[in-house]
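Colleague: Kindly generate the complete structure, drawing on both the sequences and the hints.
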Amino acid sequence: MNERVVVLTGASSGIGRAAAKAFAARGDRLVLAARGAADLAVVAAECGNDPLVVTADVTRRDEVEALADAAVQRYGRIDVWVDSAAVMAYGRFEDLPAEVFERAVTTDLLGPANVARAALRHFRGQGQGTLILVSSLLSRVTVPYMSAYTTAKWGARALARTLHQETRDAPRIHVCTLAPGSVDTPIYTSAANYAGFVGRPPPPVDSAEYVAARVLRLADRPRPQASVGLANRVIELGYNLFPPFYDALVTPLMRAGGLGRARIGPGAGNVFRPAARVEGGPGRVSRRQVEAAGVLAASALIALGLRAARR
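Each residue of the sequence shown is one higher than the one before, counting from 1 in the working numbering.
FRET-style restraints, in silico, Cβ to Cβ:
1. 69 x 45: 19 to 27 angstroms
2. 126 x 224: 16 to 24 angstroms
3. 244 x 66: 43 to 51 angstroms
4. 125 x 227: 30 to 38 angstroms
5. 102 x 158: 15 to 23 angstroms
Simulated from the structure, these hints should not be mistaken for lab results. We put the beta carbon where it would ideally sit given N, CA and C, even for glycine.
Modeller: Rendered as structure tokens:
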């Protein structure tokens, strides 16, 4: 299927930007959407082939519906919709301002719901289409200092599972979720922060381009769920089989790996409005380093888990 029509929400940065460039390299027709017009223009130039660019906020249902209609008006259909729009907020739950918590949950939970509603409306009319919701390992485990993001991702996973059930009557309509572990994107440094230290992706860390390749694979061969991350399965295993052990370790590990040493004052980051994109950062690693870190982390977790089980 050459020259598919692909809509990407969250296309201005991170996984969305990498996926847009990967789809463009294959000759697909793109509709790029995000809140920040300046960064969208840069991504459009990188993609080439005159993509349709629409400034839209996934928390605004009317803007998402208008985005879908604009895509159909220009290209006549929507074959694939990839939603990777998300924001983060660091800090203990009681330290997060209520409005920051609520806005983050709105973006990361009601945003995918708005996207799914608009996409399914067109997919039903066409009789086919693939919706790919970029989720997170944190839709399956919990960590401290990220209550808003984790709450929203757990809810979004429930939504996706429900959509799988409700689209069983339409075998050519696919709803897919992709759950990456740590990914080197600007979401950590642009996040709201009330933890006192800049956030960072804990190792092992994948590149946005590596995750984008899995997005394309789902577009080609849809499946309900996929996971990206060398340590994901081990972390999920520890979370589900050894809850007390996991809970005892996760806070010090989060402080050591999920928060940097650079101090930062409290602020809402890009939760309410787009911020300038800054690529790279403390998570920029080679694939070989990622694999080595993943093997070491998995081995350590398995050994500690077996030791706890024996006790």
